[in-house]
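There are 2 protein chains.
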Amino acid sequence: MKKLKRSARLVEMTQFLLARPHTLVPLTYFADRYGAAKSSISEDLSIIKEVFEEDGTGELQTLAGAAGGVKLIPRLSKEHALAFAQSLCKQLEQPDRILPGGYLYMSDLLGQPATMNEAGKIFATVFADRAIDVVMTVETKGIPLAYATGAQLNLPVVLVRRDHQVTEGSAVSINYVSGSQKSLHTMSLSRRALPEKSRVLIVDDFMKAGGTIQGMVDLLIEFNATVAGVGVLVESGEIDTNERLLHDYVSLANLTAVDSKSKQIKVKLGNYFG
Amino acid sequence: MKKLKRSARLVEMTQFLLARPHTLVPLTYFADRYGAAKSSISEDLSIIKEVFEEDGTGELQTLAGAAGGVKLIPRLSKEHALAFAQSLCKQLEQPDRILPGGYLYMSDLLGQPATMNEAGKIFATVFADRAIDVVMTVETKGIPLAYATGAQLNLPVVLVRRDHQVTEGSAVSINYVSGSQKSLHTMSLSRRALPEKSRVLIVDDFMKAGGTIQGMVDLLIEFNATVAGVGVLVESGEIDTNERLLHDYVSLANLTAVDSKSKQIKVKLGNYFG
Numbered sequence: 001m002k003k004l005k006r007s008a009r010l011v012e013m014t015q016f017l018l019a020r021p022h023t024l025v026p027l028t029y030f031a032d033r034y035g036a037a038k039s040s041i042s043e044d045l046s047i048i049k050e051v052f053e054e055d056g057t058g059e060l061q062t063l064a065g066a067a068g069g070v071k072l073i074p075r076l077s078k079e080h081a082l083a084f085a086q087s088l089c090k091q092l093e094q095p096d097r098i099l100p101g102g103y104l105y106m107s108d109l110l111g112q113p114a115t116m117n118e119a120g121k122i123f124a125t126v127f128a129d130r131a132i133d134v135v136m137t138v139e140t141k142g143i144p145l146a147y148a149t150g151a152q153l154n155l156p157v158v159l160v161r162r163d164h165q166v167t168e169g170s171a172v173s174i175n176y177v178s179g180s181q182k183s184l185h186t187m188s189l190s191r192r193a194l195p196e197k198s199r200v201l202i203v204d205d206f207m208k209a210g211g212t213i214q215g216m217v218d219l220l221i222e223f224n225a226t227v228a229g230v231g232v233l234v235e236s237g238e239i240d241t242n243e244r245l246l247h248d249y250v251s252l253a254n255l256t257a258v259d260s261k262s263k264q265i266k267v268k269l270g271n272y273f274g
Numbered sequence: 001m002k003k004l005k006r007s008a009r010l011v012e013m014t015q016f017l018l019a020r021p022h023t024l025v026p027l028t029y030f031a032d033r034y035g036a037a038k039s040s041i042s043e044d045l046s047i048i049k050e051v052f053e054e055d056g057t058g059e060l061q062t063l064a065g066a067a068g069g070v071k072l073i074p075r076l077s078k079e080h081a082l083a084f085a086q087s088l089c090k091q092l093e094q095p096d097r098i099l100p101g102g103y104l105y106m107s108d109l110l111g112q113p114a115t116m117n118e119a120g121k122i123f124a125t126v127f128a129d130r131a132i133d134v135v136m137t138v139e140t141k142g143i144p145l146a147y148a149t150g151a152q153l154n155l156p157v158v159l160v161r162r163d164h165q166v167t168e169g170s171a172v173s174i175n176y177v178s179g180s181q182k183s184l185h186t187m188s189l190s191r192r193a194l195p196e197k198s199r200v201l202i203v204d205d206f207m208k209a210g211g212t213i214q215g216m217v218d219l220l221i222e223f224n225a226t227v228a229g230v231g232v233l234v235e236s237g238e239i240d241t242n243e244r245l246l247h248d249y250v251s252l253a254n255l256t257a258v259d260s261k262s263k264q265i266k267v268k269l270g271n272y273f274g
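Those sequence lines, one after another, are chains W and S.
For the first sequence, the residue numbers in full-length UniProt numbering are 1 to 274.
For the second sequence, the residue numbers in full-length UniProt numbering are 1 to 274.
Derived by calculation from the structure, the hints in this document are not laboratory data.
Certain hints may be false.
One copy or two, it doesn't matter: identical chains are merged, so the pair holds either way.
[Unchecked claim] Heads up, simulated BS3-like pairs for lysine-lysine below, C-alpha to C-alpha not over 27 Å straight-line: (1) K2 with K78; (2) K3 with K78; (3) K5 with K49; (4) K182 with K38; (5) K78 with K5; (6) K197 with K2; (7) K38 with K5; (8) K261 with K182; (9) K261 with K5; (10) K71 with K49; (11) K78 with K90; (12) K49 with K38; (13) K268 with K49; (14) K182 with K3; (15) K261 with K90; (16) K38 with K71; (17) K78 with K266; (18) K78 with K268; (19) K49 with K78; (20) K3 with K266; (21) K49 with K3; (22) K5 with K71.
Starting from the given sequences, assemble the full structure and let the hints guide the process.
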């Protein structure tokens with residue numbers, strides 16, 4: 001037990017809660033830790049709650065009763081999410097991103113942990129109220145996004161591999177067609193990585209026709225698992241919607257045109273913003 | 001400007017600082033934000049500083065003068081780090097991790113964002129005072145660890161790929177010998193991913209003879225870059241130290257024996273713990 005002044009207690013409780021999103025913390029935990037009355041702890045929590053809501057950090061849910069306690073649900077305000085997405089769009093429009101073949105270089109943006117964490121908070125906000133057991137992505141570039149989302153939702157992350165690896169044990173492999181290139185690929189998931197009947201949130205950095213994500217959806221069938229949601233950082237709007245394999249997803253940015261000749265890239269907000 | 005009571009201000013400042021490790025925040029930023037005197041802000045910061053140091057979160061450095069301000073340097077206490085590593089060792093010793101060929105299944109542990117973040121905090125503590133420009137890893141399983149470390153050090157992450165990808169632009173590829181299997185592999189890094197003369201912290205989930213990490217070291221030479229440090233989550237002590245290609249690294253756990261027949265795994269603390 002540590003006796004702390006209210007001011008120090010507030011700092012410590014704030015830190016404690018931020019490190020444990022989507023985790024129920026009993027009031028008695030704090031009361032015992034600080035040797036304080038539950039009423040004092042409740043007052044502390046209402047101060048923290050007000051600041052978190054005011055700042056667009058999240059909602060501090062209070063559950064009453066014997067099994068009660070407090071739980072931080074990260075909910076990034078739409079205003080914060082919009083500012084983030086606008087900045088992302090602007091960065092994506094930088095002309096020197098165009099690579100041969102009309103591909104876009106995004107690794108510098110995906111390489112910023114703070115950017116990934118912010119995007120993860122948005123996905124955690126979007127899917128906060130769905131029943132989800134695990135976040136899934138396929139290697140490689142969606143991985144930081146999946147972990148950032150998993151951290152905010154307090155969920156494990158499962159990685160689908162392009163090849164079967166010796167360090168994964170027995171695995172289920174499927175073939176899938178990459179929609180935009182019409183080429184055949186393989187993806188594989190370790191048997192023990194995903195319990196049967198899991199509800200899965202799929203996250204990826206980029207989606208064109210959606211073949212890769214559709215591959216993951218098909219893979220889930222092999223595990224009797226279901227899709228609880230799909231979130232992509234950037235979708236490519238360059239594709240005919242009839243050609244799109246997947247229709248139910250949330251995107252933060254939409255790449256509408258890449259013109260290699262005139263070096264012009266056009267990006268608009270993703271479907272999360274309406 | 002928001003007028004807040006000290007209690008609310010403490011919650012907000014705590015949150016603000018935790019989200020920005022290794023970032024200098026001028027006192028005037030807080031003073032302007034809250035319309036408070038610098039002396040009040042200094043008092044707030046000394047409360048936060050005391051709690052962070054007491055809790056083993058980190059050091060709140062105060063830099064005096066016109067360009068002064070406050071900077072959070074995450075420093076996880078050795079006590080916390082030890083508790084984390086002991087729990088990691090214990091989990092690694094679970095007999096059902098043994099895969100055919102004596103490999104160890106670790107994906108469930110690597111799939112826990114909170115575990116990765118904790119390990120990242122330890123690496124950020126170990127390398128806090130070195131001059132580093134970027135954190136590097138090779139796909140796939142070291143990626144969450146590299147991002148967790150990068151987030152705590154406020155540094156970007158650079159990913160070395162196994163194959164050359166169209167979305168990476170022009171790249172430098174090298175061949176390297178995986179020390180334990182004596183087999184030849186390729187790794188590749190995008191030209192624009194790493195500026196010349198960068199000082200690089202290499203992070204990976206597992207090291208046996210060190211061939212993969214030595215490959216990254218060799219790749220850095222092509223970029224006139226230098227190694228600022230090497231951190232691995234688990235090293236395999238099953239190898240003769242004469243066969244080890246790399247000697248200067250920090251590990252958190254050391255896998256000393258995997259016996260497939262008797263289903264026994266032995267893990268001890270890594271070299272970080274002396």
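In rising order, the numbers of the hints this structure does not comply with: 4, 6, 9, 13, 14, 20
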